[in-house]
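Protein chains: 2
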Amino acid sequence: MSPAAPATAFDTRTRILNLAEELLLARGFNAFSYQHIAKDLGVKPAAIHYHYPSKEELGAAIVQRQLRRLRKWRDLPRVTELTPPQQLEALLDVYRHRAAHGPQVCLFGALAADFLTLPAVMQQELRTFSGELTHWLAGVLAAGRTDGSLQFAGHPFSKAAQVLTTLAGSLQVARVHGEEQFHYILRQLRTELLPPAQA
Amino acid sequence: MSPAAPATAFDTRTRILNLAEELLLARGFNAFSYQHIAKDLGVKPAAIHYHYPSKEELGAAIVQRQLRRLRKWRDLPRVTELTPPQQLEALLDVYRHRAAHGPQVCLFGALAADFLTLPAVMQQELRTFSGELTHWLAGVLAAGRTDGSLQFAGHPFSKAAQVLTTLAGSLQVARVHGEEQFHYILRQLRTELLPPAQA
DNA sequence: AAGGATACTTACTTAGTAGTAAGTAAGCAA
DNA sequence: TTGCTTACTTACTACTAAGTAAGTATCCTT
Numbered sequence: 001m002s003p004a005a006p007a008t009a010f011d012t013r014t015r016i017l018n019l020a021e022e023l024l025l026a027r028g029f030n031a032f033s034y035q036h037i038a039k040d041l042g043v044k045p046a047a048i049h050y051h052y053p054s055k056e057e058l059g060a061a062i063v064q065r066q067l068r069r070l071r072k073w074r075d076l077p078r079v080t081e082l083t084p085p086q087q088l089e090a091l092l093d094v095y096r097h098r099a100a101h102g103p104q105v106c107l108f109g110a111l112a113a114d115f116l117t118l119p120a121v122m123q124q125e126l127r128t129f130s131g132e133l134t135h136w137l138a139g140v141l142a143a144g145r146t147d148g149s150l151q152f153a154g155h156p157f158s159k160a161a162q163v164l165t166t167l168a169g170s171l172q173v174a175r176v177h178g179e180e181q182f183h184y185i186l187r188q189l190r191t192e193l194l195p196p197a198q199a
Numbered sequence: 001m002s003p004a005a006p007a008t009a010f011d012t013r014t015r016i017l018n019l020a021e022e023l024l025l026a027r028g029f030n031a032f033s034y035q036h037i038a039k040d041l042g043v044k045p046a047a048i049h050y051h052y053p054s055k056e057e058l059g060a061a062i063v064q065r066q067l068r069r070l071r072k073w074r075d076l077p078r079v080t081e082l083t084p085p086q087q088l089e090a091l092l093d094v095y096r097h098r099a100a101h102g103p104q105v106c107l108f109g110a111l112a113a114d115f116l117t118l119p120a121v122m123q124q125e126l127r128t129f130s131g132e133l134t135h136w137l138a139g140v141l142a143a144g145r146t147d148g149s150l151q152f153a154g155h156p157f158s159k160a161a162q163v164l165t166t167l168a169g170s171l172q173v174a175r176v177h178g179e180e181q182f183h184y185i186l187r188q189l190r191t192e193l194l195p196p197a198q199a
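Chains A and B, in that order, are what the protein sequence lines are. 1 is the number of the first residue of the first sequence in UniProt numbering; add one for each residue after it. 1 is the number of the first residue of the second sequence in UniProt numbering; add one for each residue after it.
Warning: the hint list may mix true and false statements.
Derived DEER-like restraints, expressed as beta-carbon distance ranges [stated by the list, open to error]:
#1 A:E179 <-> B:L92: 24 to 30 Å
#2 A:G42 <-> B:S54: 29 to 35 Å
#3 A:R68 <-> B:E89: 40 to 46 Å
#4 A:L92 <-> B:H155: 15 to 21 Å
#5 A:G154 <-> B:E89: 14 to 20 Å
#6 A:D147 <-> B:G148: 30 to 36 Å
#7 B:L92 <-> A:A100: 48 to 54 Å
#8 B:K44 <-> A:R96: 36 to 42 Å
#9 A:L92 <-> B:L92: 25 to 31 Å
#10 B:E132 <-> A:P196: 29 to 35 Å
#11 A:H135 <-> B:K72: 39 to 45 Å
#12 B:D75 <-> A:G178: 24 to 30 Å
The set of hints was computed from the structure by calculation and includes no laboratory data. Keep in mind the model is a prediction, meaning the values are calculated, not measured. For glycine and all other residues, C-beta sits at the position ideal for the given N, C-alpha and C.
Based on the sequences and whatever the hints tell you, model everything.
Here you go:
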């Protein structure tokens with residue numbers, strides 16, 4: 001919490017967080033260890049403990065950063081100024097990127113399966129993350145239906161929950177059955193949400 | 001492999017498998033151990049090894065049994081004789097049961113997150129399981145659209161993949177956000193698949 | 001030059017993991 | 001009753017996990 005942390009400290013801290021996030025999304029919270037991170041980083045496991053004393057704090061830091069990123073991204077002018085279909089497409093791109101970039105699932109998909117074994121702090125933060133994402137998408141969907149650029153039945157919140165659930169699941173499917181299956185599911189989602197003219 | 005295995009042996013074997021499956025669906029493959037099973041069963045961990053020498057064999061046995069159950073259920077007269085919407089409803093009931101019965105996810109949802117850390121045998125068996133289930137549902141959807149009892153856009157196989165992905169994800173959502181969210185998603189699914197008259 | 005903070009390493013503890021080897025009690029079959 | 005099989009227990013190996021305490025090299029500040 002010093003006014004300006006030394007560059008090396010910051011670098012290692014960030015690199016730990018990056019690697020931990022990568023391992024978390026690839027293997028799940030219970031299947032990655034300080035040893036994995038240390039080996040990849042070329043340091044000793046105790047060095048990780050120096051930056052993140054416990055795995056709980058490390059895991060919480062991953063979720064917190066994703067939440068910060070979500071808020072920042074969501075509020076970016078180049079995102080807020082898009083039309084609802086474009087905002088939806090921007091969201092889909094995030095998942096497309098994960099599907100293409102090794103078999104990574106999304107944060108929710110990675111943590112939900114292990115949810116009951118997670119520290120309470122992480123459980124709560126994941127709820128917040130998922131809740132805010134759903135809330136944002138519900139707003140996008142509602143606006144899109146109002147201006148006729150998106151179509152769907154039911155409440156925007158229910159539809160947002162369904163779409164995000166499908167997206168989370170689709171990355172798990174990509175891992176098991178390959179990327180092709182993932183794109184089938186995404187095409188299906190787009191077909192249904194976009195009116196005949198745009199689809 | 002004797003003609004008639006002693007009753008006690010069979011019982012313990014089955015009880016191990018039942019408990020292991022329960023633990024797997026609740027905590028994931030990497031977060032349950034022979035100790036958990038042994039403790040719940042009132043025996044020593046080595047007794048589990050006697051029946052299932054390795055965790056890989058135990059895990060494979062769980063997937064194999066689910067696959068046997070799926071095939072048996074799918075071919076049951078009381079299932080094959082249902083109309084497509086009734087068959088869909090029967091499928092949804094399986095997920096509703098899991099959602100209500102503690103926070104259990106489905107087999108796919110439990111294993112997909114840990115997929116990269118699973119023994120190759122289990123990976124292959126999960127692919128078979130998921131593939132057969134998708135194939136079955138695609139048939140149901142195709143029949144339903146033909147006779148007008150179900151509605152959806154796109155190929156039946158893509159739609160089946162999407163629906164099953166949503167269902168797998170919805171159980172993970174139930175675990176994180178509670179059962180209510182799960183029912184929102186299911187209602188959304190039903191609304192979209194059933195024509196206005198039946199919905 | 002001295003002191004202190006930073007960013008580690010070395011060496012350790014504790015606990016949990018899968019898995020194994022040897023022993024044993026109970027039942028059954030010849 | 002002898003001997004084999006089943007279904008375990010006891011006691012262990014080997015390994016990995018998270019976490020800690022103490023020591024150290026490097027840098028920055030004064």
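Against the structure, the hints come out as follows:
| no. | hint | in the structure |
| --- | --- | --- |
| 1 | A:E179 <-> B:L92: 24 to 30 Å | holds, 28 Å |
| 2 | A:G42 <-> B:S54: 29 to 35 Å | holds, 33 Å |
| 3 | A:R68 <-> B:E89: 40 to 46 Å | holds, 42 Å |
| 4 | A:L92 <-> B:H155: 15 to 21 Å | holds, 19 Å |
| 5 | A:G154 <-> B:E89: 14 to 20 Å | holds, 18 Å |
| 6 | A:D147 <-> B:G148: 30 to 36 Å | holds, 32 Å |
| 7 | B:L92 <-> A:A100: 48 to 54 Å | violated, 32 Å |
| 8 | B:K44 <-> A:R96: 36 to 42 Å | violated, 49 Å |
| 9 | A:L92 <-> B:L92: 25 to 31 Å | holds, 26 Å |
| 10 | B:E132 <-> A:P196: 29 to 35 Å | holds, 34 Å |
| 11 | A:H135 <-> B:K72: 39 to 45 Å | holds, 43 Å |
| 12 | B:D75 <-> A:G178: 24 to 30 Å | holds, 28 Å |
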